[in-house]
Amino acid sequence: MSLAVLVAPKFDSATEYSYDWSREAKALLEEKGYKVIDIGGQRVSRREVEEALKRNSNVLYIHMNHGSEDAHWGSEEEAVINLENVALLSGRETYCMNCLSAKKLGVEAWKNKAVAYWGYVEVFTFTTEALEEFQEFANSGLKFRLEGKSWEECLQLAKDLAKELAQKLVAAGKYIASVILQGDADALRCYTEDMTPTSDCAFRRLAISVFGPKLGWKFPSPRLETLKLLYKAKPKTLAFLVFLIISLTVVHFFSQWQLDIIVCPPVWSSGWSHPIGRYADDYFQCWIWKTTVGEAYDVLFFLNFASFYGTIIIFAIMLGWIISQIRKMGKINVN
Amino acid sequence: MKEVEIIVKALKAEATQKPNEIIYAGRESFTYKEFVALLNSKKLQKNHKKLVESFLQSARKMFNENATYRLKMMQLAGVET
Chain A
-15 MSLAVLVAPK FDSATEYSYD WSREAKALLE EKGYKVIDIG GQRVSRREVE EALKRNSNVL
45 YIHMNHGSED AHWGSEEEAV INLENVALLS GRETYCMNCL SAKKLGVEAW KNKAVAYWGY
105 VEVFTFTTEA LEEFQEFANS GLKFRLEGKS WEECLQLAKD LAKELAQKLV AAGKYIASVI
165 LQGDADALRC YTEDMTPTSD CAFRRLAISV FGPKLGWKFP SPRLETLKLL YKAKPKTLAF
225 LVFLIISLTV VHFFSQWQLD IIVCPPVWSS GWSHPIGRYA DDYFQCWIWK TTVGEAYDVL
285 FFLNFASFYG TIIIFAIMLG WIISQIRKMG KINVN
Chain B
130 MKEVEIIVKA LKAEATQKPN EIIYAGRESF TYKEFVALLN SKKLQKNHKK LVESFLQSAR
190 KMFNENATYR LKMMQLAGVE T
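Order-wise, the sequence lines are chains A and B. The opening position of the first sequence corresponds to residue -15 in the numbering used here, with each subsequent residue numbered one higher. The opening position of the second sequence corresponds to residue 130 in the numbering used here, with each subsequent residue numbered one higher.
Fair warning: there could be bad hints in the mix.
[Said to hold, decoys possible] Listed next, the in silico DSS-like pairs over lysine-lysine satisfying Cα-Cα at most 27 Å (straight line):
{"no.": "1", "chain 1": "A", "residue 1": "K152", "chain 2": "B", "residue 2": "K190"}
{"no.": "2", "chain 1": "A", "residue 1": "K147", "chain 2": "B", "residue 2": "K171"}
{"no.": "3", "chain 1": "A", "residue 1": "K143", "chain 2": "B", "residue 2": "K178"}
{"no.": "4", "chain 1": "B", "residue 1": "K131", "chain 2": "B", "residue 2": "K175"}
{"no.": "5", "chain 1": "B", "residue 1": "K175", "chain 2": "A", "residue 2": "K312"}
{"no.": "6", "chain 1": "A", "residue 1": "K216", "chain 2": "B", "residue 2": "K178"}
{"no.": "7", "chain 1": "B", "residue 1": "K201", "chain 2": "A", "residue 2": "K152"}
{"no.": "8", "chain 1": "A", "residue 1": "K152", "chain 2": "A", "residue 2": "K95"}
[To be verified] The calculated label-pair distances, taken between Cβ atoms and stated as ranges, are:
{"no.": "9", "chain 1": "B", "residue 1": "K175", "chain 2": "A", "residue 2": "I307", "range": "54 to 60 Å"}
{"no.": "10", "chain 1": "A", "residue 1": "E136", "chain 2": "B", "residue 2": "L200", "range": "30 to 36 Å"}
{"no.": "11", "chain 1": "A", "residue 1": "F289", "chain 2": "B", "residue 2": "K175", "range": "24 to 30 Å"}
{"no.": "12", "chain 1": "B", "residue 1": "S158", "chain 2": "A", "residue 2": "E15", "range": "31 to 37 Å"}
{"no.": "13", "chain 1": "A", "residue 1": "C185", "chain 2": "B", "residue 2": "Q204", "range": "49 to 55 Å"}
Hint data in this document are derived by calculation from the structure and do not stem from the laboratory. We treat Cβ as the ideally placed atom computed from N, Cα and C, and that holds for glycine.
Given the sequences, and given the hints that come with them, work out the whole structure.
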């Protein structure tokens, strides 16, 4: 007998509806011969869900409740699944009726080799005016899947159904509800091996197009918002590294400029010949430093060399540090 | 009148007719009247801004692609078709 873990907590007015809808999902599963491990009807702890998933690897997992970009919630306070235990979704099909979780958690589940992840990249919204239609849409993917359709077909059928339902709502004079239902359908995503996640981040899209989805999604995405958060979290370190890079760049261009001044006259005017054969002991004014051409040349050449490689090294260090900080921020759920 | 103005005007009319209906958006809920007020508001919190933008994007899409919806919106907004 096939197994499914259904997590449908209930703790506020919105989750009363999602819990109601989960009863239909449970009935659909049982109709198809599934034994359902039903966790819900009240606040659900992370431990309960983790234990159920650990005991039943690779079985279908359904979450119907509040969600966020990086979590499935079991109560107001506690996430039952988030980026820390997302590996529990590895090797299984996950069906969600929650807000936003396909945005980050779904992608992480896909990266952890989840067989399928069904969810939304925006807030799942519904109205009391069209509860039947929203319930039908919310459970449609599961229904189609249990009928034996592929996930790709399920996604298309669910989106087609949403169009039909939205049209029906327009005909019934429920215009706000029709727009909201259409919006939910537009935010619906399903990630499988063949249907890979897409991104609205230009850097990510570039990485995916160059390296393919598997490698492209491994790069951390340096979003401006994340960098702002990073600056707020570690302002001194980031400012110091940026200061170093700017200073080294200034030194590099300064040394190039001064070397150019040293080299220009013999090349463009008096030529390379000199009464005593060399210019090294000639007077040279290196900005505020009164010196000779030979000394200035040695110092400037060293500065030019050191600042060039120094900038590259500091930039690499800063990039590595930013990547490690972004990864840490992801783990501690900053977004 | 711009299409967004037509949509908002029409939905305002709908909201007036349905004072008891509630929209659930994640952990938040709004009456239709409150939601339409958000559509009209210039100063919005970040999460409300995102919600309003998504809604208006879907509404505009339906307005441009769905002839029945467009007609109903224009009728509700009192715009001659």
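Right, here's what the structure says about each hint:
1. A/K152 with B/K190: Within the cut-off at roughly 17 Å; holds.
2. A/K147 with B/K171: 31 Å, violated
3. A/K143 with B/K178: 25 Å, holds
4. B/K131 with B/K175: 25 Å, holds
5. B/K175 with A/K312: 24 Å, holds
6. A/K216 with B/K178: 23 Å, holds
7. B/K201 with A/K152: 13 Å, holds
8. A/K152 with A/K95: 38 Å, violated
9. B/K175 with A/I307: 54 to 60 Å: 26 Å, violated
10. A/E136 with B/L200: 30 to 36 Å: 34 Å, holds
11. A/F289 with B/K175: 24 to 30 Å: The hint (24 to 30 Å, Cβ to Cβ) is violated, given that A/F289 and B/K175 are roughly 48 Å apart.
12. B/S158 with A/E15: 31 to 37 Å: 32 Å, holds
13. A/C185 with B/Q204: 49 to 55 Å: Taking Cβ atoms as reference, A/C185 and B/Q204 lie about 41 Å apart, which means the hint is violated.
Violated hints, listed in ascending order, are 2, 8, 9, 11, 13; each of the other numbered hints is respected by the structure.
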